[in-house]
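Protein chains in written order, with numbering that gives the first Met the number 0: chain A, 0 to 337; chain B, 0 to 277.
Don't read these hints as lab results, they were simulated from the structure.
Among the clues, some could well be false.
Said to hold, decoys possible - Reference listing, derived: stretches of chain A covered by chain B, where coverage requires no fewer than 3 residues with Cβ under 8 Å from a Cβ of chain B:
1) 30-43
2) 102-112
3) 233-247
None of these values were measured; they are calculated from a predicted model.
A virtual CB, placed ideally from N, CA and C, is assigned to each residue, including glycine.
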Amino acid sequence: MAKTINKNQINSLLKEVEKEYKAFAPIKGPEGDVLFKLLCDGEVALGSEDVVISPKDIFFPQWETMFKFKDGQIEETCESAPVFLFGIRPCDLKGLLFADEFFKRDIEDKYYLSKIEGRFIVTIGCIKPPRKDACFCTSTDSGPFAKDGYDLQLVDVGESYLIEVGSKKGEEFIAKHAKFFTDSDADTAKTKEDAAKAVELKVDFKKALDLMADDKFTPQEIYERIGERCLYCGGCLYTCPTCTCFNVFDNATDGKGERVRNWDGCILSGYTREASGHNPRTEKWIRAARRYEHKLKHDCKVTEKSGCTGCGRCLSSCPVNIGMSKFIQEITEKRRTM
Amino acid sequence: MKNEYLPYPATIEEIRPETFDTKTYKVKFKDQKIADSFDYKQGQFAEISVLGVGEAPISITSSPSRKGFLEFTIRATGKVTDEIHKLKVGDVLHIRGPYGNAFPFDALKGKNLYFIAGGIGLAPLRSLINLVMDNRSDFKHIKILYGAKTPEDMCFTQELEEWKKIDDTEVWLTVDKPCDGWGCSVGVVTELWKETNIHPDNAVGILCGPPIMIKFVTMELSKSGFKDNDIVMTLERYMKCGIGKCGHCNVGEKFICVDGPVFTSEQVKKFPEKEHVL
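The shape of chain B in the complex, shown without the other chains:
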C-alpha cells in the first residue's frame, strides 16, 4: 500500500519575485521516476513541506502542457510559507500530490472564457490560462479580469503583458489603490463590468480570489446572465492532509481537498448556508 503522506524531495531551480510578499518557485523532483509519476491537471494542488517546520497545501500554477518542472506561487503568510521564503535556488522542498479535482478543459473548448481573479488568486487560474494558451485555437474569445490591492500587489505582471499580445485575448486590470502613472481601472474587480462587455453567450466564467471577491463576482456574473453551471471557481479552506482524512476542509458532506477545490456555482449553492461559502 502506498503511503500517501510521504513527500519527495524537489530542488528549487528558480525563484521569481512577484510582489513584496509573494514569489514563484520553479522546482524539479530529484527522482526522475517521481517526476514522471506526478501527472497533474490544471487546478490541482500539492502539499509542500519544509521538514521540521510543517506542510502546506499550495496550488500548482504551472500548466500541465509545460513539462519537466512544477511552479508554485507562494505568499509568505504563515509558518511554512515564511520558511519557504527564506530558501534559495538549489535548496530542497518536499512535495506530495497532486491532489484535488481540476478545472474543466475539454468542456471549455469552443467557448468564450472569462478568467476573473483577485490578488494571488491568479496563481491557480494561471495553470489553466497557459494550458488554454498552448491550445489557443480550440477556444473563442478570452478575457482576463484581474484585480489587486495596489499595482505592487499584482502577480505575473510580465505574463499579463504577454497574454495581452495573443490574438482574441484581452487583459483588464484594476486596483483598489492606484499609484502615480497607473493607467488602468480603479476599484474592485466587478468595477470592470463598466469597462468591458461581459456576455454570457457560449461563455464560462472561471474565478479565484478571496471569499468576498468570489461572492460579488458570482453575483455579477449571475446578473449578467451566466448560468450557475457556467460559473466555475476554486475554493480554499484550511487543509492539513490533502486527501480527505484529517477533516479540516469539510463543508457539508464534502471535503474541499478531494471533492474540490474546483466547484461550479451550482454546486456551491447547495453547500449549507451557514458555512458562508458564497
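In isolation and in its complexed conformation, chain A is listed as follows:
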C-alpha cells in the first residue's frame, strides 16, 4: 500500500536525514526568493515557488576549486559527501540525469561524479507551474510529475504528500523512517491530470526536434533576430539545468593559489576566441544558433535525448523575452513570437 507523510512531519523527517546526508531543499531566503540551499539556511518552501537556479550548482558549482597549489606542489581538493536532494522538480530531475550522463561520457569528470555518489533524490510534482507562463514540461514529456529517475516522489494531496517510490533505495528509506509514514489509498490520478492541465504553454516539441534534425534546416533569419536582440548576459545558460560549459583559470599570487572552474557559455563572444585572436564565431547569429542547435539537434544525435527539459527558465530569466519555447513556436508555427 502507498504511504503518505503529513506536511507537518516534513521538518522532523529532514532533521533525521541531516544526520546522514548533506541535505538540500528549496529554501526561502529573507528577501522571499527561493534557492536550493542547505536545510540549515532557512525555511523549506514546497509550494509553487520558482526556484530561480536549477539544482545543478550543487554538483557543478558556479565557482569550484579544482586543486590548490603552493611552490609547485599540488593538493587535490575533491569533496564527496552524500547529498540528499529534497523537493526538486521533475524538469530539474531530467536535467540532473542528463548532466550525470554527460559527465560520465568518455573521460569521467571526478569533481562532478564524486558529488553525485550516494545521492538521494526526492522530487515533488508541480500542482501549479512554478514559472507560470514559461513552464512547458508537458510538451517535453518531463513533468509535471516525473515518471522515473527519482528515489521518492511527493504528490501533494492536501494535508499530506503521497509518496511514490522509484527505487530500491527509496523503499529502504521508507522502511527505515517508518514512523513518519502512514498507509494511504489516496488516488492521485485526478491530481496529476489537473496538474498537467495547469501547464498552459504547449509547444510542438517533436516537430521542432524533427525539423532541427534535418541538417539542411537553418532558420538563419530567426537566429539573426535573436542575435541582435540578445543582451549576452548569460542568464539563460546559467539557469539552464543542462548547460554545463565551464572556463578554467588560475587564481593565484606568488605561485600560491588555486585552479578554478566556473560557468561559461556558448553565447558569449570570448567562448571560442583563440590565443591568436582568431574567432570562428564572431557573428552573433552563429552564437545564438549554437545554443538552440546544441539542445535540439546535437544532443539528440549523441544521446537520443534533447537537452531541453521544458523548465522555461531561459524565458523567465531573459530580460528581453527570448526563450526556447518561443524559438520552438517560431520554427513550428511559423509565427513571430520574439
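Starting from the known structure of chain A, arrange chain B on it as the hints suggest.
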C-alpha cells in the same frame, strides 16, 4: 576514480629556439611511473600548465618512436605560452594527457605521403613525420611542403635539411616574403603545386596550418584528384579541459579535443557550414 584534471610535474631538459617567437621544449616527467604511463600517439596533444598562470593545450611534436622524453613547440602568443617562454632549462612545467585522437599510421603504410604545413603547423606533423622516418621502408615516396611568412618564421630548419637527405624524400619550401639569398619558392604553400607534381595515386595528404591555409590546400588537393578520405588534417579550436567536458571546442555534435583533433576532409565537410571550418 582518476582525477583527469591533475597535471604532473615535468622538468625542462632542453630549449631550442625555432624562430623569434617560437621555441621547442624537451621535457621529462619527474616521476618515472607517470612517464611510463604517458603512452601517446602521433598527433595527440597535452595540457601544459604553468601553476598560477594557467593551462594551454599543446600538440606533442616528438615522435612516439623516440622514447624517454616529450617535445612541445610553443609560440609565445598568450598568457600561458608567454610565461612558458620565460622558463629556463631545469624549470618545471605541469603536464597532463595525452588527449585526442591520432594521425593514422598503419593505414598510411605502402602509400605516397604529402605532408603540407604552414608556420607552426609543422609541429604536430613532425610527430608523424619522424615516426614515418623511423619506419621509412614501410612507406613510398614522401614530399614535405612547408610554407611560412618569412624565412625567419620557419621552424625545424635543421630537421628539414636532414629529412631532405633521406632517400625518396623531398622537401619543398616557400615563404610569403623572401629575404636576400632565399633560394626557394615565394608565395603561399599552394604555389608549390607549380613547382612539383602532386599526384593522388596511392597517396594521402596530411595537413596542418592556419584555417585559411587548410581551406586552400584542401581545395587544391581535391582539384589534383585526392579523395576526401585521403585528405587528413589536424584542427585547432580554443580548448580548456581537453577531455570533452568544458564545451569550448565544440563543432556540431563533435568536440575537437576528443573526436579530433585529426579529421579527414570527408568528416570536416559534414561539419555545420556556418562554423567556417573549411
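Against the structure, the hints:
Note: the region 30-43 of chain A has 0 residues with beta-carbon separation from chain B under 8 Å; the three-residue rule is not met and the coverage is violated. Given as covered by chain B, the region 102-112 of chain A passes the check, having 9 residues with a CB less than 8 Å from a CB of that chain where 3 are the minimum. Counting residues of the region 233-247 of chain A whose CB lies closer than 8 Å to any CB of chain B gives 5, which reaches the minimum of 3, so the coverage claim holds.
The structure is inconsistent with hint 1 alone, although it conforms to all the rest.
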